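With the hints in hand, could you dock these two chains into one complex?
Chains as they are written, first to last, in the working numbering: chain X, 1 to 233; chain S, 1001 to 1292.
Hints listed in this document are in silico derivations from the structure and should not be mistaken for laboratory results. Fair warning: this is a prediction, and the values are worked out from it, not measured in the lab. Where a beta carbon is used, it is the ideal one built from N, C-alpha and C, also for glycine. Warning: the hint list may mix true and false statements.
[What the hints assert, rightly or not] Which stretches of chain S does chain X cover? Using the computed rule of at least three CB atoms under 8 Å from a CB of chain X, they are:
id, segment
1, 1088-1102
2, 1107-1115
3, 1184-1196
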Amino acid sequence: MAVVLECQGLTKSYGTLSALNNVTLSVPSGRIVGLLGPNGSGKTTLIKLAAGLLTPTQGSVKVCGYEPGVESKAKVSYLPERTYLNAWMKVSDCIGMFSSFYSDFDRPAAMDMLARLRIPLDAQIKTLSKGTKEKVQLVLVMSRRAELYLLDEPIAGVDPAARDDILRTIVQNYNRNASIIISTHLIADVEPVLDDFILLHYGNIAACASVASMREQGNMSLDRYFREAFSVR
Amino acid sequence: MLGKLLKYDLKALGRVLLPVQLGALVVGVIATFVLTATIRFTGDSYDYYGSSGTEMLGSSIAGFSILAVFLLSVVLFSSFLVTLLLIARHFNTNLMGDEGYLSFTLPVSAHEHLLSKVISGFIWSMINMLVICLSLGLLALFGTAYSGLINKDILELLSQGMQWIFDNGLGVLVIEYPFLAIISTIDTLLLIFACIVAGSVIATKHKIAAAVGLYFAVSLVLYSINSMAQGALIGLMGMDPAFLFSTIEPSIKEFLAFYQITILISLVISILTIVASYAFSHYALSNRLNLE
Chain X
1 MAVVLECQGL TKSYGTLSAL NNVTLSVPSG RIVGLLGPNG SGKTTLIKLA AGLLTPTQGS
61 VKVCGYEPGV ESKAKVSYLP ERTYLNAWMK VSDCIGMFSS FYSDFDRPAA MDMLARLRIP
121 LDAQIKTLSK GTKEKVQLVL VMSRRAELYL LDEPIAGVDP AARDDILRTI VQNYNRNASI
181 IISTHLIADV EPVLDDFILL HYGNIAACAS VASMREQGNM SLDRYFREAF SVR
Chain S
1001 MLGKLLKYDL KALGRVLLPV QLGALVVGVI ATFVLTATIR FTGDSYDYYG SSGTEMLGSS
1061 IAGFSILAVF LLSVVLFSSF LVTLLLIARH FNTNLMGDEG YLSFTLPVSA HEHLLSKVIS
1121 GFIWSMINML VICLSLGLLA LFGTAYSGLI NKDILELLSQ GMQWIFDNGL GVLVIEYPFL
1181 AIISTIDTLL LIFACIVAGS VIATKHKIAA AVGLYFAVSL VLYSINSMAQ GALIGLMGMD
1241 PAFLFSTIEP SIKEFLAFYQ ITILISLVIS ILTIVASYAF SHYALSNRLN LE
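Isolated chain S, as found in the complex (with noise of 0.2 Å):
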């Protein structure tokens, strides 16, 4: 059944993710172009009239440019709000609304609704996270490129980039947080989707008031504990953050360790913020749901 579930929650997700990952690239590329073209008129310009006679025209079209990096940014920032709201919207009217008659008549357990908006969730949050990155990678290789089609320093930048990580015995950071920003996503997800259970539980009047106070409410507590879990780790381990906060440069042990705690600490929380997620939304779905 989970699979029959997961395919309508994918089907239904769709129709209104799509046009709005789409909507992100379709900015992406318009950006890139416009960067591109501006950085290259720019150039051009340089070498017809002189430096001098191109400064106004030249500081206008890098107002242009920034704006469009700046719209670019907005709007893709804007895509990941939305992929979230619609993906929680997706879960009250599913399952809390109307179309709950349906959903909680269908001989399918608690278990296999939550998982199946879990998957479908996590599925079209991950599809937006490769639009943004597929945006922002775009606007780099492309957008900023002076002659050619793709900005070769960037792309040397990034290697070099990558071989000083590797070199200073980072790599495990390149693993980690791609493994964390995966466990933040299920967690966030499962958290909403707690949330909005515990507003329909709880609250007679107002659910959704209730169910986005309480996620805020939540939120505030648990980066609150993780701020203070880092803070307590690093003491005890006789760390001294300030390098953070000056210019004094760290050595890459003290680099890597203190990030290596902080990362430590959050995949600690989440994975703790998903059982719970998970445990209480499973419980009030089976034991206390009312449907009005």
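Only chain X is shown next, with the shape it has when bound in the complex (with noise of 0.2 Å):
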């Protein structure tokens, strides 16, 4: 299988603080990966150094072979863990200029998708709920036939109905070639989709395997294994 994602020794310092300390790991082709942690474990900044929006201080990052740059983000649909589309723009206006600027945007899967999450094209984002904003930028990133996506909590701020929701586009809707790198801390919800997982601990990978080994070996769910190995006794 391809590898789509491949770090080496990838390190990213803020001054002193160390965000992500010596990561190497590689994501191949085909898999649903969970990328856990609690909070400030360096989980977003290894999506934006993925996503080119972060320098690496040292080490190295590829998509697809390619270090971050044209290339390389023509292959990632990436989504942040804030709105970034533009205010004033309309539902419409952000599917024209996806289609415009990603030769991979899939039209008529998009509006597939925003008319089953009842989302209405003329509607400016400002107006929208931040679940809704939330649900338009799925809609545009996973509307994209890329072949690694990435994306960044994507349901930490809907509710628990609309979660699964969001899972469903998810899994239904990405290029079965690609893999998908979601990170998350409500593991139990996002679990049952999950081919392999990477655990990270204070910038470290303090575990890295598939979820149907870790079951058989520990017998015990990765929400219960990610409870018990973060817990504060």
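As structure tokens, this is what we get:
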């Protein structure tokens, strides 16, 4: 299987604070990977480094063999943990923008998802609720036929019923040859869809395995494993 | 991709800058109307009452005219500042703020991002210049007319002035000054962009304050270099710029030589600023990008 994400000794520091420390990992194609860890463990930093929004302090990150740049960005579909759309744009403007810049954008799929989520095309982004804005961004990101999807906390800001909606949207719409990296601390919600997980703690990889193998070895759910590993005693 | 970026940048800037330009133009039209109305009214009063009877009325009308012209000047200068500020704000939010999360994940190079911002900012700066010239032109041509629609004296004065310029071999300045204005606009925009990028690279907090401080510091340094270079070059060429500060009538040759030097030095400094600002911004956006 082709490697879609490869990190070698990847380190990101802010002054004396190390957000990510000498991380080496590779993610093959066709996997749904949970990027797990408590708040401040380096999940967002790792995703932003892969998306090309941060510059590594040391080490390297490659997407489909490319260092972050024009080529890698054409293959990565990135969902940030914040609203990045122009507030004055309408939903239809955003669809137009994505289909204009990304050659892999599937416009009919986007229209279909928006209709199913009952999001009006003529609504301005600034008039939408936080949860609906997140759904619009998710639709835009999942409508690309990308090779790597980087989803940073896609379900953090929505209610439990909407979480199922969003996870369904993700799993039903991604390019099957691609990989998805989902960063979250809501493990129980995402666990059913994950193939593998990467557990980060203080910027280091604490564990990295397939969900199935962990269940076989420890005979416990990923959620319970996480709670035991990071419980405050 | 540059064309696509440009389309979105022009649209985003147009949303906020079009009302500013229209507002400046409307104030220009109102000021023109107020000025011409007061001038005509004063003229009529003189005819009716004679000069002594209308002294008080005339002075208050003159005050009103001066106020209209003063307010127009303030509005036009503000439109210039607001245009620059909104172009800078668009650069900051679209690249260094939350929107940067989308901008920098588009499959677009740092060159294309920078060029799009410079071209769109330049187009809107030129539109603002046009609006300022148009407002002042309206005021001069229509606002100062005592009778009829246009003040023909102004046209006559303009034509005589141009004739004098070309007769005395100063025509080159008519081409050089607008060219310098264009280069200076690009230089100003790129310096602002470079300072915003530098502010966000250098500072961990108060990035905008850092960018503003940096802009004024660099501008001061560039202004000092410009003044020193002009002084040095004028001295080297054995020229005496005393005519600028006295009543000595300069020869046309001296006048032209002096302004050629000031234009040349400003041009060289502007071009160097453009190259340095662009190179720095491109390097920082490509190799030092850290969106928080």
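Practice task
Check, residue by residue, whether the segment 1088-1102 of chain S contains three or more positions whose beta-carbon lies closer than 8 Å to a beta-carbon of chain X, and give the verdict.
Solution key: holds (count 5)
Handout entry: Coverage criterion applied to the segment 1184-1196 of chain S (partner chain X; beta-carbon cut 8 Å; 3 residues)
Key = violated (count 0)
Practice task
Take the segment 1107-1115 of chain S, compare each residue's beta carbon with every beta carbon of chain X, and decide whether three or more fall closer than 8 Å.
Solution key: holds (count 3)
This entry does not satisfy hint 3, going by the numbered hints stated previously; all others are met.
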